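Protein chains: 2
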Amino acid sequence: MKVFDLNETNIFERDLNKFLVHDSAYFRIINFNIKAGEVFPVHSHPVEGELSILVLEGEGEFLGGEEAATPAKAGDIFICRIDEPHGMRAKTNMRILVTIAPPL
Amino acid sequence: MKVFDLNETNIFERDLNKFLVHDSAYFRIINFNIKAGEVFPVHSHPVEGELSILVLEGEGEFLGGEEAATPAKAGDIFICRIDEPHGMRAKTNMRILVTIAPPL
Chain Z
1415 MKVFDLNETN IFERDLNKFL VHDSAYFRII NFNIKAGEVF PVHSHPVEGE
1465 LSILVLEGEG EFLGGEEAAT PAKAGDIFIC RIDEPHGMRA KTNMRILVTI
1515 APPL
Chain A
1415 MKVFDLNETN IFERDLNKFL VHDSAYFRII NFNIKAGEVF PVHSHPVEGE
1465 LSILVLEGEG EFLGGEEAAT PAKAGDIFIC RIDEPHGMRA KTNMRILVTI
1515 APPL
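Here the protein sequences come in this chain order: Z and A. 1415 is the number of the first residue of the first sequence in the working numbering; add one for each residue after it. 1415 is the number of the first residue of the second sequence in the working numbering; add one for each residue after it.
It is worth saying that the hints were derived from the structure and are not from the lab. Some hints could be false.
Which copy is meant is left open, because identical chains are indistinguishable; a pair holds if it fits in one copy or across any two.
Here are the computed lysine-lysine pairs in the PhoX-like style, where the Cα-Cα straight-line distance is at most 25 Å [to be verified]: (1) 1487 <-> 1432; (2) 1416 <-> 1432; (3) 1432 <-> 1449; (4) 1505 <-> 1416.
Computed from a predicted model, the values in this text were never measured in an experiment.
Given these sequences and hints, build the entire structure.
Written out as structure tokens, the structure reads:
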């Protein structure tokens, strides 16, 4: 068993701050902190699998393909395939937790 | 893409309240709300894989094998193998998000 404390990564030094929580054969867990006004660019990977994006704090928009945007707030969990376009635009400072299974 | 709003499952009707967030070939995501003073009993399954337990709200103790107990508070992520003993004791009302990969 291991523990990771997200209270220790409440850091917004750069526009996009990345903290690897865990990486294994089963899943990769990453905390991203996105500064207000910044965008985690839409991307996708041509592999099998899914990812979840939990909004820990703040609000913004989940970005999909073809300029689709869905409001995102603390407590929302977005789930999509790894090969589907996904990104995030931060309206306020925003913290998200991404879980990728299986990892790329 | 699908969205699940954890604000809609802030419910403590029973001692242990379970809300399935997502289930697929890649991972299962479940929100458990545990009433103050209650225990999510220690258990394990003899299969490959790992699980993460994110404490969304509240505080208590992560329970492992042989009566091991580790303090747990909002923002902590516990990661263990599915075949390792794991459970949770709630000191206050506690909300956790469990991700199991691959699902049992």
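*Looking back at the numbered hints, which does the structure fail to meet, lowest number first?*
none
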